[in-house]
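> Protein sequences, first through last, are from chains A and B. Quick note: the first sequence uses my numbering, first residue 68, plus one each step. Quick note: the second sequence uses my numbering, first residue 68, plus one each step.
Calculated from the structure, these hints are not laboratory results.
No farther apart than 30 Å at their CA atoms in a straight line, the calculated lysine-lysine pairs in the BS3-like style are these: (1) A:153 - A:232; (2) B:189 - A:174; (3) A:232 - B:104; (4) B:189 - A:189; (5) A:143 - B:223; (6) A:189 - B:174; (7) B:153 - A:223; (8) A:104 - B:232; (9) B:143 - B:174.
Here the structure is a predicted model, which means the values were calculated and not measured.
Protein chains: 2
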Amino acid sequence: MSKNDSISMSVIRRLPRYYRFLTELDEQGVDRISSNKLAEIMNVTASQVRQDLNCFGGFGQQGYGYSVGQLKDEIKGILGLNNGYKAILIGVGNFGSALANHLSFEKLGFELVACFDNDKRKVGQTVGEMVIRHDDELEDYCSGNQVDTAILCIPKENVEAILDKLYSLGIRSFWNFSHYDISTRYSDTVVENVHLSDRLMTLCYRMNHN
Amino acid sequence: MSKNDSISMSVIRRLPRYYRFLTELDEQGVDRISSNKLAEIMNVTASQVRQDLNCFGGFGQQGYGYSVGQLKDEIKGILGLNNGYKAILIGVGNFGSALANHLSFEKLGFELVACFDNDKRKVGQTVGEMVIRHDDELEDYCSGNQVDTAILCIPKENVEAILDKLYSLGIRSFWNFSHYDISTRYSDTVVENVHLSDRLMTLCYRMNHN
Numbered sequence: 068m069s070k071n072d073s074i075s076m077s078v079i080r081r082l083p084r085y086y087r088f089l090t091e092l093d094e095q096g097v098d099r100i101s102s103n104k105l106a107e108i109m110n111v112t113a114s115q116v117r118q119d120l121n122c123f124g125g126f127g128q129q130g131y132g133y134s135v136g137q138l139k140d141e142i143k144g145i146l147g148l149n150n151g152y153k154a155i156l157i158g159v160g161n162f163g164s165a166l167a168n169h170l171s172f173e174k175l176g177f178e179l180v181a182c183f184d185n186d187k188r189k190v191g192q193t194v195g196e197m198v199i200r201h202d203d204e205l206e207d208y209c210s211g212n213q214v215d216t217a218i219l220c221i222p223k224e225n226v227e228a229i230l231d232k233l234y235s236l237g238i239r240s241f242w243n244f245s246h247y248d249i250s251t252r253y254s255d256t257v258v259e260n261v262h263l264s265d266r267l268m269t270l271c272y273r274m275n276h277n
Numbered sequence: 068m069s070k071n072d073s074i075s076m077s078v079i080r081r082l083p084r085y086y087r088f089l090t091e092l093d094e095q096g097v098d099r100i101s102s103n104k105l106a107e108i109m110n111v112t113a114s115q116v117r118q119d120l121n122c123f124g125g126f127g128q129q130g131y132g133y134s135v136g137q138l139k140d141e142i143k144g145i146l147g148l149n150n151g152y153k154a155i156l157i158g159v160g161n162f163g164s165a166l167a168n169h170l171s172f173e174k175l176g177f178e179l180v181a182c183f184d185n186d187k188r189k190v191g192q193t194v195g196e197m198v199i200r201h202d203d204e205l206e207d208y209c210s211g212n213q214v215d216t217a218i219l220c221i222p223k224e225n226v227e228a229i230l231d232k233l234y235s236l237g238i239r240s241f242w243n244f245s246h247y248d249i250s251t252r253y254s255d256t257v258v259e260n261v262h263l264s265d266r267l268m269t270l271c272y273r274m275n276h277n
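Chain A with its partners taken away, still in its complex shape:
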């Protein structure tokens, strides 16, 4: 896995899809799969499948294809889903609580360990199986507990103050649902942005030009 440094984001973004499809095949009891068949499921070319997986060292055998369970486990390891990263949620509004209630964090490499809101009326209520804490408790919590990632479900105008605090507490990884540009302020962070409104505007563009 020494080749990882130079792997393009488009290959990386396909890995979760491989993992999802292989998990399904594994659950269906499928033992092995050809690159042609895997390509068909993934809706890419067989050569693309081989190229993608070669980035991580191959795994296939000429004339046999891929062992489904083994390839699934390899990709799980490459994704780091066994690392048990600890995540906190900042902002328990509609979206925040939807994420907390809806996503299977543990299957996706994370444990959601705490959630915070600046609204005193929410503090003490529960979401998922967590009690909502006030933002003021962030420092205390992060000092006493491992926190690897913060999930930001707060409006853009509230991000900067809380981001500065999280950064000073050593957090360098963010799943960002706000429109605030984290990596411009802190370039040594890992940020996945989900900009729902941008995606809806892109759909609008594509309908407009279809």
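Chain A is fixed; fit chain B onto it per the hints.
For chain B alone, coordinates are given in the frame of chain A:
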């Protein structure tokens, strides 16, 4: 705008960001902006800004830069945000209701006109300002009303049956939060997929290899 056919998805995906930043600048009363300054805000190069906007015909003037209000309006038109597309929501669970309550659909080119769920207990309740209808009413509703887009917030295993119905009712545009691959089944559709769990796994990968 005759060049639109060949514009790459990466340029298209930057358009909503241009639109957001220009809207903010316009609200702040900024009249004009250089490509250097716009590049700085966008966190891309000035040459990238010029290239991007040249795809749609330019709009800048040597030595003047861009008129903020005019460029914003041009991009709004290119995105089709004035087209008034009508959207329906399928699945009023956590995520569906978060979308309905949280997103400013009308600013993003759409009007959310109706929502549907297969859970009879939800039918008749309201979300946003809409009364939740049963999936059985889809055909009636779509026959009597303009519907351009369906937003799918339902589990993968429930998608196929409802997709077939929506397709037969003439709907060709989907904002898809499920893991079902719509464009493989119907290639003549416009689909924006939002796969939250894939994004979280990608973050996990990037932390694992950082």
